[in-house]
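One line per chain: the protein sequences are A and B, in this order.
Residue numbering for the first sequence follows the numbering used here, starting at 209 and increasing by one per position.
Residue numbering for the second sequence follows the numbering used here, starting at 73 and increasing by one per position.
For the record, the hints were derived by calculation from the structure and aren't laboratory data.
Just to be clear, a hint being listed does not mean it is correct.
Stated by the list, open to error - Sample of chain B residues facing chain A (criterion: CB under 10 Å; computed from the structure):
#, residue
1, Glu-166
2, Gly-221
3, Pro-256
4, Ser-259
5, Gly-263
A quick note: this is a predicted structure, and the numbers were derived from the prediction, not measured.
Yeah, the Cβ is synthetic: ideal placement off N, Cα and C, and Gly gets one too.
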Amino acid sequence: MLTRRILACLDVRDGRVVKGVRFAGHRDMGDVVDLARRHRDAGADELVLYDIAASPRGTCADPAWVARVARAIDIPFCVAGGIRTVAQARTLLNAGADKVSVNTPALERPALIGELAEAFGSQCVVVGVDSRRDADGEWRVRSHAGDPAAMRALPRRTLDWIAEAQALGAGEIVLNCMDSDGTRDGFDLVQLRAARAVCAIPLVASGGAGRAAHFAAAFRDADADAALAAGALHDGSLDLRELKRALAESGLPVRLS
Amino acid sequence: MSAVSPTVALVDAGGANFASVRHALERQGARVRLARDADALRGAQHIILPGVGAARPAMALLRERGFDAALRAVEVPLLGICLGMQLLFEHSAEGDVQALGILPGRVEALPASAGVRVPHMGWNSIWPTRPAPLFEGLPAGVAMYFVHGFAAAHDEACIARCVHGRPFAAAVQRDQVFGVQFHPERSGAAGARVLANFLRVAPP
Numbered sequence: 209m210l211t212r213r214i215l216a217c218l219d220v221r222d223g224r225v226v227k228g229v230r231f232a233g234h235r236d237m238g239d240v241v242d243l244a245r246r247h248r249d250a251g252a253d254e255l256v257l258y259d260i261a262a263s264p265r266g267t268c269a270d271p272a273w274v275a276r277v278a279r280a281i282d283i284p285f286c287v288a289g290g291i292r293t294v295a296q297a298r299t300l301l302n303a304g305a306d307k308v309s310v311n312t313p314a315l316e317r318p319a320l321i322g323e324l325a326e327a328f329g330s331q332c333v334v335v336g337v338d339s340r341r342d343a344d345g346e347w348r349v350r351s352h353a354g355d356p357a358a359m360r361a362l363p364r365r366t367l368d369w370i371a372e373a374q375a376l377g378a379g380e381i382v383l384n385c386m387d388s389d390g391t392r393d394g395f396d397l398v399q400l401r402a403a404r405a406v407c408a409i410p411l412v413a414s415g416g417a418g419r420a421a422h423f424a425a426a427f428r429d430a431d432a433d434a435a436l437a438a439g440a441l442h443d444g445s446l447d448l449r450e451l452k453r454a455l456a457e458s459g460l461p462v463r464l465s
Numbered sequence: 073m074s075a076v077s078p079t080v081a082l083v084d085a086g087g088a089n090f091a092s093v094r095h096a097l098e099r100q101g102a103r104v105r106l107a108r109d110a111d112a113l114r115g116a117q118h119i120i121l122p123g124v125g126a127a128r129p130a131m132a133l134l135r136e137r138g139f140d141a142a143l144r145a146v147e148v149p150l151l152g153i154c155l156g157m158q159l160l161f162e163h164s165a166e167g168d169v170q171a172l173g174i175l176p177g178r179v180e181a182l183p184a185s186a187g188v189r190v191p192h193m194g195w196n197s198i199w200p201t202r203p204a205p206l207f208e209g210l211p212a213g214v215a216m217y218f219v220h221g222f223a224a225a226h227d228e229a230c231i232a233r234c235v236h237g238r239p240f241a242a243a244v245q246r247d248q249v250f251g252v253q254f255h256p257e258r259s260g261a262a263g264a265r266v267l268a269n270f271l272r273v274a275p276p
């Protein structure tokens, strides 16, 4: 039986993992290979490595540290950050990444999704969606969400964008619900359920993870295929081993390593 | 492990995962040679055909580089991984393409249905259907990492099955030709064991 996946998300800058403080004062957490190994050993099913320096610098994620991770790690990992072209994606995949994730560049030029799917197959192509509920009650997407100063609210409805990304060839959607992001109060189940209804490809819940019960709800109530943990993982309030044990005890299919 | 580290030829079929396969083999102590044309297969004790991407461009590249005839004629253990396994068969529905034809049968799209998402992405259990050297030391039901939208039928070459909506071949073997639909290079310690087991299959 296909297990529900737990993804550990790390913010990377110049080959170092930095603590996901959105605004300033990034704290150094250690070398990306050491941290990747630690999460792998704790039972992460996949890693998402987000090069937070790439977009502000106008580059894409750095293949140098991607290659170092690929040499050391034997679980899948996805690389995100500033990927705008097939050539950039190829460099990262050849360096050993298993998937690439695109967000703002895909909003600016949706054809990028199809180009990547054509070149590497849909299974390599993850589309990250940053979404927020507007005053009129509609969920709409945000671009440049990695940088609060540059973030833009777009007129595009989140559910329309998920459907479009899927039609263009995306192989997986990571839905980051910004209203619950960082709260540790649980995933946005209402939004995830709505997304699930339009999403036939794997759907990853993101934003709000705090406790095992939150993950169980994302899997049971919103039928997410995977859920992403970031902040709670890094400050030690969430332990991957305990999380997976708790999910298994509750009857959910998870991989116990 | 054998005393001398074996040389493995890794076929460059234009797929994106040869770096991770190479690293996984090196973690097993193998010497890896990247084969960009059929000549580079000579002298290798084992051959691996990795693959991420689509069947049609991969087959076109294999033909262009002379691999199609060479792979049909190899006399050392051959392992196809993911798309590489699919290309061992006669035909793939992905792009409606004639494949290598080393194994009988066709590769078809996995059908999506309620709760069954395609691509099949994630860790899923595999169940050996008969004793096979590839799975020595591994328990039935061990989880491997899959990422694919097409699969071969669960028929006579099948040595392990997996279920995603319906059963399909997670691994195949005929004589010294092996294929795995999952990614051993990305399946943690269990996947590493599959690669180690393959490297232990003695060339004739």
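Against the structure, the hints:
Nearest Cβ of chain A to the Cβ of Glu-166/B: about 9 Å, under the 10 Å cut. The hint holds. Because the closest C-beta pair between Gly-221/B and chain A is about 7 Å apart, less than 10 Å, the hint holds. Below 10 Å, beta-carbon pairs count as interface contacts, and Pro-256/B has one with chain A at about 9 Å; its hint therefore holds. For Ser-259/B, the suggested interface contact is upheld, since its CB lies about 7 Å from the closest CB of chain A, less than 10 Å.
Taken as an interface hint, Gly-263/B checks out: its beta carbon lies about 7 Å from the nearest beta carbon of chain A, inside 10 Å.
Of the numbered hints listed earlier, not one is contradicted by the structure.
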